[in-house]
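Assemble the whole structure, with the sequences as input and the hints as a guide.
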Amino acid sequence: MPAHISLITLGVADVAKATGFYERLGFVRSQASSQESVSFFQAGPVVLALWGRDAQRDDADAAELWTGNGGIVVAQNLASEVEVDCAMTRAEAAGARTLKPAAKTFWGGYDGYFADPDNHVWGDRLQPVLATG
83 MPAHISLITL GVADVAKATG FYERLGFVRS QASSQESVSF FQAGPVVLAL WGRDAQRDDA
143 DAAELWTGNG GIVVAQNLAS EVEVDCAMTR AEAAGARTLK PAAKTFWGGY DGYFADPDNH
203 VWGDRLQPVL ATG
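Per our numbering, residue 83 is the first one in the sequence shown, and the count goes up by one each step.
No lab work stands behind these hints, which were simulated from the structure alone. Idealized CB from N, CA, C, for every residue including glycine. Among these hints, one or two may not hold up.
What follows is a set of in silico ranges between Cβ atoms, one per label pair, in the way DEER data are often shown [said to hold, decoys possible]:
id: 1; residue 1: Lys-186; residue 2: Ser-119; range: 40 to 50 Å
id: 2; residue 1: Asp-143; residue 2: Cys-168; range: 34 to 44 Å
id: 3; residue 1: Glu-163; residue 2: Asp-141; range: 32 to 42 Å
id: 4; residue 1: Val-203; residue 2: Ala-142; range: 16 to 26 Å
id: 5; residue 1: Ile-90; residue 2: Thr-149; range: 12 to 22 Å
id: 6; residue 1: Glu-146; residue 2: Thr-187; range: 33 to 43 Å
So, in structure tokens, the structure goes:
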């Protein structure tokens, strides 16, 4: 079986509040799968889940490991600098905190970063096509 990612779960302080934030970003919550304690969003070929931070920690038996943000950045690649700028503006309007305004990068791309209300870091970026193989 080839390596792949099918689900990203973000542990959040308040599922309802986080769900509202992601809906304001434009994600559509699955009505069939979501419950009061967890929300699921189809995000391209990957599912984004929002689950209570404590419930996720306990389910994973990860109390001694999870002391804060794990240094993960969730990102979306976009087609143009204009789309990156629009995505950053939309995130801020939804309640995100801009960490790094969108700008040209040293590696030839264009990106910006924001934090969601639970301090999960997101990047919006235009970058050269990644080589695989």
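Inset, instruction - Please flag the earlier hints that this structure goes against, numbers listed from lowest up. - result: Those not satisfied: there are none.
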